[in-house]
Structures are given as C-alpha cells and as structure tokens.
Amino acid sequence: MWQKIKPYVYVLPTVGVLLLLFVGGLIEGLLQSIGFLPAAGQYNLSLNFYQELLSSQDFWDSLVLTFRIAFLSSFSAGILGMFVSVCLFMLAKMGRGRIPRFWQRFFQLPMLVPHLVGAYLMVLLWMQSGWVSRILASFGWIDHISDFPVLVNEPFGWGIILTYAWKEAPFISLMIYPVLLRIHASWFETSRVFGASQWAFFREILLPLLMPAWISSTFIVFAFTFSAFEVPYLLGVTYPRMLPVLSYNLYTGGGLEARPEALAVNVILAVMTSLLGVIAYRLSRRWHMSEEGGW
Amino acid sequence: MKRPKLSYTLATFFIFAVVLAGCVGQKENHKETSSITQEDLLQAKWQDVLSQAEGQTVNVYLYGGSEATNRYIDDWVAPRLKKQTGIILNRVPVNDTKEIINKLLVEKQAGKRDGSVDVMWINGENFLTAKEKDLLWGSFVPELPNVQKYVDQESQVIKNDFGEPTEGMEAPWSQAQLVYTYNQNKMQQPPKSAEALKQWVKKHPGKFTYPAPPDFTGSAFIRNILYQTTGGYEQYLKSFDEQKGLDNKLEPFWDYLNAIEPYLWRKGQTYPESASKLDQLYANGAVWMTMSYDPAHAANEVKDGRFPESTRTFVFKEGTPSNTSYLSIPFNSPHKAAAMATINFMLSPNAQITKANPKIWGAQMAIDPNKLSEKHQKRLSALDLGKATLPAEVLAEHRVPEIPSDYVEYLEKGWLEHVAKD
Numbered sequence: 001m002w003q004k005i006k007p008y009v010y011v012l013p014t015v016g017v018l019l020l021l022f023v024g025g026l027i028e029g030l031l032q033s034i035g036f037l038p039a040a041g042q043y044n045l046s047l048n049f050y051q052e053l054l055s056s057q058d059f060w061d062s063l064v065l066t067f068r069i070a071f072l073s074s075f076s077a078g079i080l081g082m083f084v085s086v087c088l089f090m091l092a093k094m095g096r097g098r099i100p101r102f103w104q105r106f107f108q109l110p111m112l113v114p115h116l117v118g119a120y121l122m123v124l125l126w127m128q129s130g131w132v133s134r135i136l137a138s139f140g141w142i143d144h145i146s147d148f149p150v151l152v153n154e155p156f157g158w159g160i161i162l163t164y165a166w167k168e169a170p171f172i173s174l175m176i177y178p179v180l181l182r183i184h185a186s187w188f189e190t191s192r193v194f195g196a197s198q199w200a201f202f203r204e205i206l207l208p209l210l211m212p213a214w215i216s217s218t219f220i221v222f223a224f225t226f227s228a229f230e231v232p233y234l235l236g237v238t239y240p241r242m243l244p245v246l247s248y249n250l251y252t253g254g255g256l257e258a259r260p261e262a263l264a265v266n267v268i269l270a271v272m273t274s275l276l277g278v279i280a281y282r283l284s285r286r287w288h289m290s291e292e293g294g295w
Numbered sequence: 001m002k003r004p005k006l007s008y009t010l011a012t013f014f015i016f017a018v019v020l021a022g023c024v025g026q027k028e029n030h031k032e033t034s035s036i037t038q039e040d041l042l043q044a045k046w047q048d049v050l051s052q053a054e055g056q057t058v059n060v061y062l063y064g065g066s067e068a069t070n071r072y073i074d075d076w077v078a079p080r081l082k083k084q085t086g087i088i089l090n091r092v093p094v095n096d097t098k099e100i101i102n103k104l105l106v107e108k109q110a111g112k113r114d115g116s117v118d119v120m121w122i123n124g125e126n127f128l129t130a131k132e133k134d135l136l137w138g139s140f141v142p143e144l145p146n147v148q149k150y151v152d153q154e155s156q157v158i159k160n161d162f163g164e165p166t167e168g169m170e171a172p173w174s175q176a177q178l179v180y181t182y183n184q185n186k187m188q189q190p191p192k193s194a195e196a197l198k199q200w201v202k203k204h205p206g207k208f209t210y211p212a213p214p215d216f217t218g219s220a221f222i223r224n225i226l227y228q229t230t231g232g233y234e235q236y237l238k239s240f241d242e243q244k245g246l247d248n249k250l251e252p253f254w255d256y257l258n259a260i261e262p263y264l265w266r267k268g269q270t271y272p273e274s275a276s277k278l279d280q281l282y283a284n285g286a287v288w289m290t291m292s293y294d295p296a297h298a299a300n301e302v303k304d305g306r307f308p309e310s311t312r313t314f315v316f317k318e319g320t321p322s323n324t325s326y327l328s329i330p331f332n333s334p335h336k337a338a339a340m341a342t343i344n345f346m347l348s349p350n351a352q353i354t355k356a357n358p359k360i361w362g363a364q365m366a367i368d369p370n371k372l373s374e375k376h377q378k379r380l381s382a383l384d385l386g387k388a389t390l391p392a393e394v395l396a397e398h399r400v401p402e403i404p405s406d407y408v409e410y411l412e413k414g415w416l417e418h419v420a421k422d
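Read top to bottom, the protein sequences are chains U and H.
full-length UniProt numbering applies: residue 1 is where the first sequence begins, and numbers increase by one.
full-length UniProt numbering applies: residue 1 is where the second sequence begins, and numbers increase by one.
Keep in mind that the hints are not guaranteed to be accurate.
[Stated by the list, open to error] Coverage of chain U stretches by chain H, computed from C-beta distances (three or more under 8 Å per stretch; other residues unrestricted):
no., region
1, 101-108
2, 237-246
[To be verified] Listed below are the simulated SDA-like cross-link pairs for lysine to any residue, each with C-alpha atoms no more than 20 Å apart in a straight line:
no., chain 1, residue 1, chain 2, residue 2
3, H, 198, H, 154
4, H, 413, U, 233
5, H, 207, H, 285
6, U, 93, U, 198
7, H, 149, H, 44
8, H, 413, U, 256
9, H, 277, U, 252
10, H, 421, U, 52
11, H, 186, H, 387
12, H, 267, U, 123
13, H, 149, H, 50
14, H, 277, U, 256
15, H, 421, H, 266
16, H, 371, H, 393
17, H, 133, U, 42
18, H, 98, U, 93
19, H, 277, U, 29
20, H, 371, H, 203
21, H, 98, U, 257
22, H, 112, U, 132
23, H, 203, H, 216
24, H, 277, U, 253
25, H, 98, H, 108
[Said to hold, decoys possible] Simulated restraints, written as ranges between beta carbons of each label pair:
no., chain 1, residue 1, chain 2, residue 2, range
26, U, 131, H, 54, 50 to 56 Å
27, H, 249, U, 58, 22 to 28 Å
28, H, 39, U, 48, 39 to 45 Å
29, U, 58, H, 238, 27 to 33 Å
Treat the hints as calculated values from the structure; they're not laboratory data.
Note that the structure is a prediction, hence the values are computed from the model and not measured.
Glycine included, every Cβ here is placed at the ideal spot set by N, Cα and C.
Given only the sequences and the hints, what does the whole structure look like? Please build it.
Below is the structure:
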C-alpha cells in the first residue's frame with residue numbers, strides 16, 4: 001500500500017503549492033476578468049470586458065507589438081545562444097585550458113544580471129543622452145548626441161529586443177550545451193575522415209541533435225518575453241504598449257472599474273502562451289522522435 | 001534507508017516550527033488588543049491609548065522612492081517615537097500607494113481581520129477608493145491631541161482631499177505643490193505661464209517634456225495646463241456628474257498639448273514613463289526642465305549631486321496645483337492604539353518643523369504655523385531652504401487646489417486618446 005502511494009505522497013507538497021498559488025491565481029484572475037470582485041461589491045458576471053477589449057484598437061495594436069517583440073527577441077536570443085554554445089563546444093574541443101573556461105564564464109555573465117538592471121543598463125548606455133552616445137560625441141565621431149540613433153523608447157522596440165537577446169542567449173546556450181557535451185570527440189574526427197567540413201558537421205550532426213532542446217528553450221524565452229513587464233515598461237513607448245504594460249496601466253490607473261479589463265488582458269495572455277506551449281511541445285517531440293534512435 | 005528518515009525529521013520539524021510560530025504570533029496579538037476594544041479606542045482617554053500603545057510595533061506603509069522621506073522616518077521619527085512612547089516603528093516602503101490599497105482590498109476579500117498595515121500615507125483617488133470600499137478604520141483624527149492643538153481643521157485644503165471630505169478618517173501630514181525645475185545657466189527667464197512655456201518650447205525643440213500620465217507628476221502637470229488653458233480651476237470643483245459640456249470645455253486644453261507635442265523631447269513620439277526618468281533626462285542635459293510635486297525635491301537632488309548647482313525652481317504666475325497628503329489607519333490594523341499615537345507624534349510641532357527642514361527632508365508642514373508657540377515659530381523661520389527651493393510665502397501665494405479624482409481619472413484616460421495616440 002505504502003509503496004504504491006509513496007510517489008504520490010512525495011509530489012503532494014509541490015502539487016499542492018502549484019494548485020493553490022498557480023491554478024488558484026489563474027482561477028481568481030479568470031473570475032475577476034468576468035467582473036467578480038467581492039471586495040468592491042461587484043458580483044455581476046459578464047463577458048462585456050472581453051468584448052470591450054477585443055473591439056478596442058489599443059488592444060490590437062498592443063497585441064501586434066507584443067508578438068513582434070517577443071518573436072524577434074526570442075529568435076535573436078535563440079540564434080545568439082546557439083552560436084555561443086557551438087563556439088564554446090568548439091573551444092572545449094581545443095582542450096581543457098584556461099581560455100575555454102574564461103569564455104564560458106564570460107558568456108554566462110548576463111544571467112547574473114536581473115532583468116530590471118539589464119533594462120536600466122540599456123537606458124544608461126544606449127540612450128541618445130547615454131554613455132555611448134556621449135563618449136562618441138566627446139571623441140567627435142558624431143557632431144551632437146542627438147545624431148546618435150534612437151535605440152531606446154522607440155516604437156519598434158529595438159531596445160527591448162536587444163535587452164532580451166543579450167539577457168536570454170546564455171539561458172539558451174546553457175540549455176543546449178549539455179546536449180553538445182554528449183557528443184563524442186570521435187564523431188567529429190570520423191566526419192572529417194569522410195570528408196565533411198565544419199559547416200557540414202554542424203548542419204548534419206549538431207543541428208538535428210540540438211533542435212529539440214533549442215526549440216523548447218527558445219519557446220520558454222518566447223513565453224517569458226511575451227508576458228514580461230519591467231523591460232517593456234522601462235524601454236517601451238507611451239503608445240502602443242506591450243500587453244503586460246497595458247494590463248498594468250489598466251490595473252493601476254483609475255478606480256476599480258478597470259480591474260476586470262486588466263485581468264482580461266492577463267487571461268488572454270495566459271491562454272495564448274499555453275496554446276503556443278502546446279505547439280512548441282508537439283514540434284520538439286516530433287524532432288525528438290526522429291532523432292532519438294542514435295542515443 | 002537513512003535519507004528518507006532525515007527528510008521526515010526535517011519535515012516534521014518544519015511543520016512544528018510553523019505551527020509554533022503561528023501560535024506565538026496569535027498569542028502576542030491577543031495580548032495587544034485585550035485591554036481596550038478597538039471601538040472603545042475612539043472614546044478612550046488619550047492616556048489610556050498611550051499606555052495600550054506602549055510596546056506595540058506599528059507598520060507604517062509609505063511611498064519609498066524618496067531618500068529624504070526614508071531618512072526622516074528611519075533616523076529621526078523612529079528613535080524618538082520609541083523613546084517617548086515605547087512604540088517600535090517599522091517602515092514598509094511601497095512603489096505606488098495603490099499597492100497598499102490593493103493589499104487592503106485583498107485582505108478584506110479574504111476576511112483577514114488582523115491586517116499588516118497600521119498606518120499608511122495616502123491622498124487623492126487612493127483615499128477615495130479606500131473610503132468608498134470601507135477600507136478605513138473610522139473618524140479617529142479629532143481624538144488626536146496634536147490635531148486639536150495645531151491643525152486648522154476648518155481649512156478647505158485640509159478638510160477636503162481632492163474634493164472628497166476626509167471626515168476625520170485621515171490626518172493631514174504634509175503639503176506639497178507642483179514646481180518646475182530649470183537650470184539657471186541655460187535659461188535666464190523661465191516661462192512662467194502656459195503661453196510662455198509654449199513659446200519657449202517652440203523656440204527650443206527637444207528640450208522639454210513631461211512624464212506620461214497616469215504618472216502622478218505628469219498628471220499634475222496636465223492639470224496645471226488645464227487650469228491655464230480653460231480659464232481656471234473653479235469650474236471643475238463641482239461634482240463630475242453635474243458637469244455639462246465637459247468635452248467642449250476641454251478642447252483648448254487638448255489643442256495646447258498637441259500644439260507643443262512636435263517640439264517636445266523625441267518629438268513627443270514617446271514620453272518619460274515616470275518623474276524619475278524625466279529627472280534623469282534633466283540630470284544628463286537631454287532636457288532643460290523637469291518638474292516635481294515636492295518643492296524641495298530639486299534642492300535635495302542638488303545636495304546629492306545629481307542636479308547641477310545652478311538648478312532653480314519656479315511656479316506659474318497663476319499658480320500650480322497643491323495638495324495635502326494624509327496619514328490614515330486601515331479597518332484591519334491590529335495596532336490601532338499605536339497607530340494613533342504614531343500619527344499624533346508625527347503631527348507634533350517638533351516632528352513637523354524637522355520635516356520642513358531641507359537638510360532632513362524639506363516637505364511643508366500640515367499644521368498651522370500660526371498656532372505654534374513663539375519658540376517653534378522662530379525655529380521655523382530660521383530654516384535655510386536652500387537656493388533651489390522657493391520661499392514658503394511664494395509657494396503659498398501661488399497655490400491652487402486639486403480637483404476631484406473623477407476629473408483626474410477622466411483627464412488621464414483622455415490624454416492617451418487625444419495626445420499620446422496620434
């Protein structure tokens with residue numbers, strides 16, 4: 001008996017916490033998004049808030065922006081992350097000296113910096129009146145600091161994309177590096193014997209092996225950037241705003257009437273993220289199935 | 001086989017610890033509220049309130065973004081309060097006062113009778129929300145000795161908080177006023193009216209901007225412009241629902257904001273999201289003006305080396321919005337006696353004059369200077385306000401009230417539609 005239920009008992013604390021805090025929070029949000037807020041004396045349930053939201057231009061502008069930024073930042077973080085870990089892998093093949101270890105540490109560096117600090121660094125460094133611009137101006141490479149390109153607080157979201165690409169690339173490389181470590185050194189030599197170039201080795205052997213881990217980690221980054229708040233809040237523009245910022249402003253600006261609408265934004269965010277999660281899971285499983293044979 | 005046993009022991013220990021901690025906490029609370037019931041506190045003698053307060057820990061929630069405020073509370077108020085009344089002050093910083101209201105709403109929804117907030121610093125729409133949703137304790141203010149002695153309870157600026165009667169539910173603590181900050185070396189003649197500001201902005205493209213509402217300071221700025229472009233604040237004092245043809249009235253106001261937009265920082269494509277961001281732009285020279293709802297803020301920034309020495313402040317000739325901020329006690333504060341005693345202490349002449357000292361904080365007093373003793377009056381007039389802070393008389397002469405919260409909210413929403421979007 002005990003043997004049978006043991007595993008369930010072991011996962012009970014985790015499941016309990018998840019149910020209470022995560023699922024409970026979701027349900028609470030869902031309830032509030034349809035107008036149920038006892039503390040404010042609101043009990044009437046309706047889908048009006050969703051209707052209002054879906055018919056407003058603000059929401060669609062925000063959604064498009066959020067998608068674009070989340071896609072571009074996770075994609076660039078993915079490419080950068082893969083590049084970094086393949087470089088690390090090649091370096092490690094050169095031997096176990098100090099230099100590879102230095103680079104490994106160097107590439108992990110951004111993971112130590114919190115997002116808020118990352119965003120703030122972005123502001124300090126890359127604003128038109130930031131350090132880089134002022135250094136360039138004082139060297140006379142640009143005539144005036146306003147000649148510096150606008151990278152922060154512009155409508156396309158370059159600042160946000162750059163921050164996330166820089167910040168999340170180490171995460172992706174950390175996720176796929178263990179996969180690379182499982183590749184035997186002899187494989188590379190064997191491939192050379194059969195006349196494969198480095199690029200062919202990467203394309204034919206490394207890439208297929210990396211794909212499942214790469215897709216899932218890139219998706220995690222996508223889901224994160226899709227619903228992150230502080231970076232777009234600091235680096236975005238007044239209009240249009242990314243969905244999480246829109247939700248925050250709805251929630252904090254004004255009275256309690258706007259609350260359900262803010263939570264409706266959150267519910268839509270959650271639904272979209274989980275849908276995308278299912279898609280990513282399917283994709284990575286397909287890769288996994290077809291490539292697993294050799295392991 | 002040894003490992004699981006160890007984890008069981010640990011788990012059991014933790015459960016015990018948690019339960020034990022819970023019991024201890026419960027007991028303590030019980031003891032603290034035993035002598036006078038909370039309802040009776042409002043009728044009790046002040047001496048009894050004080051003796052009940054002794055030894056309690058009071059959680060004071062306030063905006064934590066100002067170094068000067070934090071220093072004042074931690075280094076000046078807390079040690080003296082402990083010495084005089086035996087109350088331990090625990091300052092809890094928040095980013096936005098709305099967070100306190102949210103917390104209280106959640107606590108109320110969850111039926112939590114012993115809350116975590118004892119004293120909070122609020123005003124305006126946060127007070128309105130708290131009052132409407134029954135998040136406040138009650139009319140405790142008239143009971144405080146220092147209010148009876150030093151506060152002008154009949155003053156309009158104190159009786160009403162953004163047009164909403166306070167009904168003794170919050171005690172005035174501080175007064176603030178919107179001031180504009182500029183660098184004397186870069187501009188000799190600051191534009192002292194909305195019209196002059198417009199001319200100046202057009203002549204100096206890119207050198208001016210304001211925080212995007214609903215940022216508090218940005219919101220106050222657009223109200224100041226509203227007063228100036230639509231003929232004064234008086235018309236907005238009546239209740240929002242009685243107001244007729246408001247949209248027509250507001251047209252010149254939106255026109256003004258749209259007229260200056262192309263000449264703002266980054267051509268108005270975006271606005272700083274907070275007053276601190278604007279301060280940063282000012283500090284590194286990207287814009288030539290900034291603004292603050294705290295008249296001593298610029299002087300403090302100069303003192304801390306963030307703003308240039310040549311920084312000065314000014315107000316519009318026709319006045320800038322000014323408001324009173326308050327201290328209040330929530331419905332579920334577990335230490336109401338200590339909360340009352342703390343607020344009373346913070347309204348003492350000594351605490352208020354120290355608060356007004358720019359070396360400490362520089363926030364204006366909420367108590368009436370005329371009611372002070374001669375000794376205290378002398379101390380008040382001896383304060384050196386610093387070059388960047390306007391003299392108290394100048395501020396007082398250029399003070400216009402805030403309008404009811406409904407308007408504030410309407411303007412903030414309208415700003416996004418009319419100004420930010422296009």
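Hint-by-hint comparison with the structure:
A stretch counts as covered by a chain when three or more of its residues have a beta carbon under 8 Å from one of that chain; for the region 101-108 of chain U and chain H the count is 0, and the coverage is violated. For a cut-off of 8 Å, the count of residues in the region 237-246 of chain U with a CB near a CB of chain H stands at 3, and the three-residue condition holds. For the given pair, residue 198(H) sits about 38 Å from residue 154(H) by alpha-carbon distance, which is inconsistent with the 20 Å threshold. Annotation: proposed proximity of residue 413(H) to residue 233(U) holds, straight-line Cα distance about 18 Å (limit 20 Å).
With a C-alpha separation of about 9 Å, the suggested pairing of residue 207(H) with residue 285(H) holds against the 20 Å cut-off. For the hint pairing residue 93(U) with residue 198(U), the CA-to-CA distance comes to about 13 Å; that is within 20 Å, so the pair holds. For the proposed pair residue 149(H) and residue 44(H), the alpha carbon gap of about 18 Å is at most 20 Å, so the pair holds. For the hint linking residue 413(H) to residue 256(U), the alpha-carbon distance of about 14 Å falls within 20 Å, and the restraint holds.
Between the alpha carbons of residue 277(H) and residue 252(U) the distance comes to roughly 19 Å, so the proposed pair stays at or under 20 Å and holds. A distance of roughly 18 Å separates the Cα atoms of residue 421(H) and residue 52(U); the hinted pair therefore holds under the 20 Å criterion. Taken as a hint, the residue 186(H) and residue 387(H) pair is honoured in the structure, with Cα atoms around 16 Å apart against an allowance of 20 Å. Among the hinted pairs, residue 267(H) with residue 123(U) is consistent with the structure: their alpha-carbon atoms are about 18 Å apart, no more than 20 Å.
With a C-alpha separation of about 17 Å, the suggested pair residue 149(H) and residue 50(H) falls inside the 20 Å cut-off, and the hint holds. A threshold of 20 Å between alpha carbons decides the hint, and for residue 277(H) with residue 256(U) the separation of about 27 Å lies outside it, so the pair is violated. Among the hinted pairs, residue 421(H) with residue 266(H) is consistent with the structure: their alpha-carbon atoms are about 15 Å apart, no more than 20 Å. About 17 Å separates the Cα atoms of residue 371(H) and residue 393(H), which keeps this hinted pair within 20 Å; it holds.
For the given pair, residue 133(H) sits about 11 Å from residue 42(U) by alpha-carbon distance, which is consistent with the 20 Å threshold. The suggested pairing of residue 98(H) with residue 93(U) is violated, with an alpha-carbon distance near 55 Å, which exceeds 20 Å. Of the supplied pair hints, the one linking residue 277(H) and residue 29(U) is violated, its CA atoms being roughly 31 Å apart against a limit of 20 Å. Using a Cα cut-off of 20 Å, the hinted pair residue 371(H) and residue 203(H) is violated, with the two alpha carbons roughly 48 Å apart.
For the hint pairing residue 98(H) with residue 257(U), the CA-to-CA distance comes to about 14 Å; that is within 20 Å, so the pair holds. A hinted pair counts as satisfied when its Cα atoms are at most 20 Å apart, and residue 112(H) with residue 132(U) does not qualify at roughly 52 Å. Proposed proximity of residue 203(H) and residue 216(H) is contradicted: the alpha carbons are some 27 Å apart, above 20 Å. With a CA separation close to 19 Å, the supplied pair residue 277(H) and residue 253(U) stays within the 20 Å bound.
The suggested pairing of residue 98(H) with residue 108(H) holds, with an alpha-carbon distance near 15 Å, which does not exceed 20 Å. The hinted range of 50 to 56 Å is satisfied by residue 131(U) and residue 54(H), whose Cβ atoms lie roughly 53 Å apart. Hint check: residue 249(H) to residue 58(U), Cβ distance near 25 Å, so the stated range 22 to 28 Å holds. With their beta carbons about 41 Å apart, residue 39(H) and residue 48(U) fall inside the hinted range of 39 to 45 Å.
Distance hint check: the CB atoms of residue 58(U) and residue 238(H) are about 31 Å apart, consistent with the given range 27 to 33 Å.
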